[in-house]
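Colleague: Model the full structure from these sequences, guided by the hints.
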Amino acid sequence: MSLQDKELLTELISESQEHLSNIEPLLLELEQKGENIEDEKINSIFRAVHSIKGGFGFFGLKNIIDLSHTIENILSKIRDKKLKITVELIDAILKGIDKLTYLINNIDESENISIEEELQRLSIFTQDNPKANNTLQDKKDTLVKQGDNIDIFGKHNISKQKIIDALKEGKLLYQINVYHKTKFNEENLPSADLFKEWESLGDVLDILVDKEKNSAQKESSKEGTNLSVIFATVLEPDLISQALNISQEQIYLIDSQKIKQELKLAANNKNTTDSTAEKSNSKTIKKDLINKEATSDTFKEDSLRVRISLLNQLMNLAGELVLSRNQLLQNFGNTIDKYINTNNLFNIIHNELNKTFSHFSIKNTVNGKELENILKKESENLFKNILSALKIKLSEISELYPIIQNIDQVTSLLQENIMQTRLQPISILFSKFPRIVRDLAKKCNKNITLITEGQDVELDKSIIELLSDPLTHLIRNSVDHGIEDPQTRKKLGKNETGQIILKAFHESGKVNIQIIDDGAGINTQKVKDKAIQKGLVSKEQAEKLNDSEIYQFILLPGFSTAEKVSDISGRGVGMDVVKTNIEKLGGTIDISSAINKGTTITLQLPLTLAIISALIIKTEERLFAIPQVSIEELVLVRSHEITKKIERIGNSEVYRLRGKLLPLVRLANILKIPATYIDPQTKERKIDRRLRWSDRRGVAKEEDELDTLNTQNLTENRRKGEKDRRKHIINSLKIIVLRVGENLFGLVVDEVINSEEIVVKPISSYLKQCGCYAGATIMGDGRVIMIIDPNGIVKIAELKFTDLKKEEEKSKLKEKIKEDFKEYLIIDIGTQERLALELSCLSRIDKVEISHIEQVGTKEFVRYSDLSIPLIRLHNYLPLSAPQPQTDSKKHQMIIIPKTEYNVIGIAVEKLFDIVKTNVKIQQDYIKTNGITGSTIINNKLVLILDINEILFRAQKEFSNEGK
Amino acid sequence: MAELQYASFFIKDFLFGINVVLVREIITNAQITQVDLSKDYICGLMNLRGQIVTIIDPSIKIGIGGTNTSAKTKYIILKTSKELQSKGADNNIIQQSVEDIVGIKIDDIGDIITIDSKEIELPPANITEVDSKYIVGVVKLKEKLFLLLNIKNVLNTD
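Here the protein sequences line up with chains G and D, keeping their order. In terms of the numbering used here, the first sequence has 949 at position 949, counting the first letter as 1, and numbering is strictly consecutive. In terms of the numbering used here, the second sequence has 988 at position 24, counting the first letter as 1, and numbering is strictly consecutive.
You may find that some hints are simply not true.
Unchecked claim - Straight-line C-alpha distance at most 25 Å; calculated DSS-like pairs for lysine-lysine: (1) LYS672(G) / LYS1025(D); (2) LYS859(G) / LYS847(G); (3) LYS1046(D) / LYS768(G); (4) LYS1046(D) / LYS761(G); (5) LYS461(G) / LYS1025(D); (6) LYS768(G) / LYS1116(D); (7) LYS618(G) / LYS1116(D); (8) LYS1003(D) / LYS768(G); (9) LYS584(G) / LYS1003(D); (10) LYS584(G) / LYS1038(D); (11) LYS645(G) / LYS618(G); (12) LYS1003(D) / LYS672(G); (13) LYS768(G) / LYS1108(D); (14) LYS761(G) / LYS1038(D).
What the hints assert, rightly or not - Label-pair ranges, simulated between beta-carbon atoms: (15) ILE386(G) / SER1050(D): 37 to 43 Å; (16) GLU1063(D) / ASP108(G): 34 to 40 Å; (17) SER1050(D) / SER2(G): 36 to 42 Å; (18) ASP547(G) / SER1050(D): 22 to 28 Å; (19) ASN669(G) / GLU967(D): 37 to 43 Å.
What the hints assert, rightly or not - From the structure, some residues in chain D lie toward chain G, with a derived Cβ separation under 10 Å: (20) LEU986; (21) VAL987; (22) ASN993; (23) ILE996; (24) ILE1058; (25) VAL1062; (26) THR1121.
By construction, these hints were calculated from the structure, which means they are not laboratory data. Note that beta-carbon positions come from the ideal geometry of N, C-alpha and C, so glycine has one too.
Modeller: As structure tokens, then:
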């Protein structure tokens, strides 16, 4: 095959593959809708198969031609409503299309591959069907015969080119004998106009006066001419007679194979002329192919075929451009700094001049002093001149600013757009699943429908390619293990037809793909048992596991709870491959399930592979990059708040972020870098021996911390010498809140530097083993820094999020319970009743000397520290029995000082019984009066709860009234 | 009985060699960024004109103890298997390479030594410091023993 032919063939193959991929969904639709399918759709299928047949006709690949021809026949019957749409029919066609695809994909061996099975299956349907509702005659009658010995090259004078064109377009050649009333002879030649009606059906290649017939006819005295017409058309032998309205005895089918052989022979003989002919052949064929493409899809967007390798190159170049731009921006900034650093310049000049001056020994003379002044002046002048020269330079540089900004913007846009060229809709991935589900469901004797959502979601091409296998496996799992058979479903009250939803959508910067089935769900008990059986956990450990941990077992290699292994699944090989593949793409898998309700598997994938936004952070003098998509927020915990806000749960430390518990992980710990701190005085790095942040002796005061923040120059403050490093701003905690799947955790770093767009360079297999790196990148200054993978951090730190959730709920409960519990002080004021006051209402309990109590009128006052405060006796304010008379030997009086918004007052008490913490309900039904909120039983005794505020209010009024 | 060309280099006192076809370039004075949590024989990553190269210290891998970085330290950057394929190298050469771009840290570079495959002998049993799986064979040169390195095993990720 010549080079052009090879190119042609490659193009033909890729076009045919496109056609074939379009056919399958239409066939499935046909199966579903049956006869109600739109005609246009059947026509689409027909056209597709027809194009394939025609295209390969020129290459003489018999198997492909025969198979496509047979399929075409069936489709034509379907189109004519001669065939009933059954599952078997669609199956046969699908299998035929499969084989056709295989033949085309393995074009070199297509002639050696057997198509017998598919042809047989299809031939069942090409037998006449009693459903036929037309009045056509028996098929055999309409078939024209193959004409032998038709010498089209000899008798007819048709250019070989026309023949080749016709054959290439898949047309059949017929020789038709026509009797025309007009008398033609060599002078009056017939023209193609005679057969205008045929023009729409094909091409009249040549019309010849059939001399033999005419001479034979002369004797019969009929007027008119016998003509021999060579007609090229796509019409099949069984249709042409009817179409042209000519009896089939007059039509002869010309053997195209023979013609082709003849053509080839002729080609071999005439080398020189044919090589040019061949070239023009291939050109016209190419043109034809291109024309075909243009006409068939006029509703598609203008598009172009581009080599994938070219796109990859573009991606790489865009990445390099981003790196260079970053370098430019950074170096530009540095250069500006250097120029602005003029202070230093002055010193340099001054020092240099001084140096020169000091060589001269005239310093101490009078002239010397003068000289020194002159020198100083000169250096100042020099400095001014240089500065003005520099200012000009600076302004030149500042003119560069807009240019650099432009480069910055264009680079970003360029990179974005190139990235988009590689984006493809996920529908190409989803499109193959309806067929897979249909076939599998049939095999398992289940009824399943597949619903797809989000076909327009776009993903990088490489991601789509790598997703194909994992998704297939997950769908197969759903069909095989997930959805139950119709009887079981009926028993459970579910719809007999199971449903699998394949959904794609964007969320928080990632592409989510969900496979949701309404099947049996994952039996956690079975999984647990299998895990115990495999020795992965002990029985006791297994009991402590929560659901999501149990699901993780499924992702292990060799793990399967299937009783029998089918050829679909059950061998335990698939899920771990799925997991590895997804993680290769930088994605995550999440499984959630409910018994008898169904299972949902969620895959989360990053949007782009190459260039991402990242946060640059520093820990222990090393720089790292954290992908922006994983970052939820940044939290700064000031040093004085650390003991308050950092709590310990088990062995880990957590931070309370708006009520939620955030597990904290120190990046340096994960990377096994020894922790150090900077001594504020010596500014040295020293090893930090404290194990935890919560181990802090004493609490730094807030005001100190604020002072360090309020000062303009932090370094100045450091110079002032903050002796206590615990109060130092440096020792505040910088927490980066990262999201992994549904969970959040905090990564503690030393410093947050800034945010940058970085090019993700993949790391070698040596470094993949570390587990915590998602890649590496090159900074503006050429340094290599690692990109952290939050997933990896979670794994290494063995963060258990479910335990935290339990703790959160526990502490929520604790809070609630705390609220219900109150502390009461039970007192005796010398009456029979027991009184209780809420401890929170009390300020102090004290003893005063009786002698310090003074009476003014009916009121009592007591000297208390420097004040004279009113003293009240509760029985005066409450409906209580009179107190027992006091014994004179009493020297001291116990008083209670309550918390009050009014003036300080003391309450006399005789005895303090107890302080009780109780959440016992206060009964307000029976005893409710001023000063008492209610009663309750404490320690089996009735206790009256005092309403201190009410009492104080009354007391206040009384005492102030006195004043009036 | 073919003639083979080997690039020779020194690590500590040993003279090692690898097939010269495997060598892409030799870098002096490079900045290596350490990677925490990586294995001990991984020196770190180097920025080679925009590409990231993983640098391995073969001395640690093969067990002759680590080397110090001096002014003479060089890094031999090796060709990847893709590069060798596109250059049409022999299969046995391609077998020795890896997919990632790697470099090995050496103390000093030597000459290119041409040897006849006849001269390659099995490693003697008394080289105890170096594990024999890292040596393909030895050649007795005039002053020194030339150890032909099994680069594939050195680059192995175990």
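Colleague: Take the hints in turn and mark each one as holding or not.
Modeller: Verification of the hints:
Taking the CA atoms of LYS672(G) and LYS1025(D), the gap is about 21 Å. The hint holds against a cut of 25 Å. For the hint linking LYS859(G) to LYS847(G), the alpha-carbon distance of about 19 Å falls within 25 Å, and the restraint holds. Note on LYS1046(D) and LYS768(G): the hinted pairing holds, with a Cα-Cα distance of about 20 Å set against a maximum of 25 Å. Using a Cα cut-off of 25 Å, the hinted pair LYS1046(D) and LYS761(G) holds, with the two alpha carbons roughly 18 Å apart.
Between LYS461(G) and LYS1025(D) the alpha-carbon distance is near 38 Å, which puts this suggested pair outside the 25 Å criterion. Restraint check for LYS768(G) and LYS1116(D): satisfied, since their Cα atoms lie roughly 19 Å apart, inside the 25 Å limit. With a C-alpha separation of about 36 Å, the suggested pairing of LYS618(G) with LYS1116(D) is violated against the 25 Å cut-off. A distance of roughly 11 Å separates the Cα atoms of LYS1003(D) and LYS768(G); the hinted pair therefore holds under the 25 Å criterion.
Distance restraint check for LYS584(G) and LYS1003(D): the Cα-Cα separation of roughly 21 Å lies within the 25 Å cut-off, and the hinted pair is therefore satisfied. For a cut-off of 25 Å, the pair hint linking LYS584(G) to LYS1038(D) is broken: about 33 Å separates their Cα positions. Pair hint LYS645(G) plus LYS618(G) holds up; C-alpha atoms about 23 Å apart against a cutoff of 25 Å. Using a Cα cut-off of 25 Å, the hinted pair LYS1003(D) and LYS672(G) holds, with the two alpha carbons roughly 12 Å apart.
The hinted pair formed by LYS768(G) and LYS1108(D) fails the criterion: a straight-line CA distance of about 39 Å is larger than 25 Å. For the hint pairing LYS761(G) with LYS1038(D), the CA-to-CA distance comes to about 24 Å; that is within 25 Å, so the pair holds. For ILE386(G) and SER1050(D), the Cβ-Cβ distance of about 56 Å falls outside the hinted range of 37 to 43 Å, so the restraint is violated. Restraint check, GLU1063(D) to ASP108(G): a C-beta distance of roughly 29 Å breaks the suggested window 34 to 40 Å.
For the pair SER1050(D) and SER2(G), the supplied restraint of 36 to 42 Å is violated, since their beta-carbon distance comes to about 27 Å. The supplied range of 22 to 28 Å is broken by ASP547(G) and SER1050(D), whose beta-carbon atoms lie about 51 Å from each other. Between ASN669(G) and GLU967(D) the beta carbon distance is about 55 Å. The supplied range of 37 to 43 Å is therefore violated. With a cut of 10 Å, the hint placing LEU986(D) at the interface with chain G is violated, because the nearest CB-to-CB distance is about 17 Å.
Hint status for VAL987(D): violated, given a least beta-carbon distance of 18 Å to chain G, over 10 Å. Taken as an interface hint, ASN993(D) does not check out: its beta carbon lies about 13 Å from the nearest beta carbon of chain G, beyond 10 Å. About 8 Å separates the beta-carbon of ILE996(D) from the nearest beta-carbon of chain G, less than 10 Å, and the hint is met. Nearest Cβ of chain G to the Cβ of ILE1058(D): about 17 Å, over the 10 Å cut. The hint is violated.
Annotation: interface hint on VAL1062(D) holds; nearest CB of chain G at approximately 8 Å, less than 10 Å. The interface hint given for THR1121(D) is met, as the beta carbon of that residue sits about 6 Å from the closest beta carbon of chain G, less than 10 Å.
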